[in-house]
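**Q** Sequence:
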Amino acid sequence: MKNLKDDLINMALAMGAIRAGVADLAALQGPPSADPAYLLPGARSVVAFALPLGRDWIPDYFSKKTRRVFADVMYDTYQSIGAIGGRLKDMLESAGFPAAAPQPNGVYRREASKPGGFMVPDFSLRYAALASGVGTLGWSGNVMVEGHWSAVFLGAVLTEADLPPDAPLESNLCDGCRICSRVCPLGFVQAKASDSVTLGGREYVCNAKGNHMRCGLVCAGLVGLSRDRAWSTWATLRYRVGEDDRALGLAFNRALSDPASEYIRGHIFSDNLRHGVLARGREETQPTCCNCALVCSGPREHRQALMERLHASGIVVRREDGTELAVRPEHLDPLITFDTENEGG
Numbered sequence: 001m002k003n004l005k006d007d008l009i010n011m012a013l014a015m016g017a018i019r020a021g022v023a024d025l026a027a028l029q030g031p032p033s034a035d036p037a038y039l040l041p042g043a044r045s046v047v048a049f050a051l052p053l054g055r056d057w058i059p060d061y062f063s064k065k066t067r068r069v070f071a072d073v074m075y076d077t078y079q080s081i082g083a084i085g086g087r088l089k090d091m092l093e094s095a096g097f098p099a100a101a102p103q104p105n106g107v108y109r110r111e112a113s114k115p116g117g118f119m120v121p122d123f124s125l126r127y128a129a130l131a132s133g134v135g136t137l138g139w140s141g142n143v144m145v146e147g148h149w150s151a152v153f154l155g156a157v158l159t160e161a162d163l164p165p166d167a168p169l170e171s172n173l174c175d176g177c178r179i180c181s182r183v184c185p186l187g188f189v190q191a192k193a194s195d196s197v198t199l200g201g202r203e204y205v206c207n208a209k210g211n212h213m214r215c216g217l218v219c220a221g222l223v224g225l226s227r228d229r230a231w232s233t234w235a236t237l238r239y240r241v242g243e244d245d246r247a248l249g250l251a252f253n254r255a256l257s258d259p260a261s262e263y264i265r266g267h268i269f270s271d272n273l274r275h276g277v278l279a280r281g282r283e284e285t286q287p288t289c290c291n292c293a294l295v296c297s298g299p300r301e302h303r304q305a306l307m308e309r310l311h312a313s314g315i316v317v318r319r320e321d322g323t324e325l326a327v328r329p330e331h332l333d334p335l336i337t338f339d340t341e342n343e344g345g
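Position 163 (the sequence shown) corresponds to 163 in the numbering used here; numbering is contiguous.
Rather than coming from a laboratory, the hints here were simulated on the basis of the structure. What you are looking at is a predicted structure, and each value in this text was computed from that prediction instead of being measured. Any given hint could be a false lead.
[Stated by the list, open to error] Derived pair list, reagent style SDA-like, types lysine to any residue, alpha-carbon separation capped at 25 Å:
#1 Lys-65 / Tyr-263
#2 Lys-2 / Ala-230
#3 Lys-2 / Met-15
#4 Lys-209 / Gly-176
#5 Lys-209 / Thr-323
#6 Lys-65 / Gly-82
#7 Lys-5 / Asp-166
#8 Lys-2 / Ile-18
#9 Lys-209 / Glu-308
#10 Lys-2 / Arg-109
#11 Lys-192 / Ala-230
#12 Lys-65 / Pro-287
#13 Lys-2 / Gly-16
#14 Lys-65 / Lys-209
#15 Lys-65 / Thr-323
#16 Lys-65 / Gly-86
#17 Lys-89 / Asp-162
#18 Lys-65 / Asp-244
#19 Lys-192 / Lys-89
#20 Lys-65 / Gly-96
#21 Lys-192 / Tyr-263
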């Protein structure tokens, strides 16, 4: 099996992956989403890999100059993950081993959803990356890959082949700067509270994370105004979301029913997206945040500079013609739609 494993790893690297490795079932013992049997009942191994997002474009994204470059990077990287997954799957099946390539994002186990917006993927690519030695866990909860920090997207292929596993990394690439928590607009990434997950007998520590609806509101592109109301993501609905988690459902409902969200609802509820991001078109790819991963794309001084750019970038508004503009917060207050600060209960 070593020759087959080497062929798979070399193919992933040749097609653009920066790191690839193999995890066996023992290394994946942990939360339900780490179990490859959900997608492939006879799975015995997982080939995990990471692709770089680059970082030259991130300052302009954080400065609110343009998000189109990131949209193209996101689309192209997801498509590359799909291509690598498809190629490795074909190689395994040609060798006589059933295989499956999970979607890199956007597919969840409906029966495993929990209150607070918590959704469980059909298979966790993060756990696969940790178990296979592709990367380590950062404070943000994102996987960090040496030389690229957390500015990566992940992919994997599950197979019934019994491939020789790689060891998880012993080192921790995260230096604990906590800058990821300072670029999260609604406080999903916590600065102090920690949580842990045990995978293959190893404990991995990251932030405790807030209510997942805080991330969902932002990631969906509905709300992105920071809690201090000084800056925003690229989301253009100008809603203040306070500390009370009980108001998050109200924020979601109001945002979705707001006529101003019509342009983004097609992105959220696209028929293509229901089948995962690989079915999504380039024009349907509309990133608004990803701040916690992108800020961690270089040494600490690089992260600090990106955070300062973001905090000075202003708040994005959408003009009637569909173009987007960042304005200073003092010019925005009269335009705030509503305040959920005290709307709980």
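**Q** Could you tell me which of the hints above the structure violates, numbers in ascending order?
**A** Result: hints 2, 5, 6, 10, 14, 16, 18, 19, 20 and 21 break, sorted rising.
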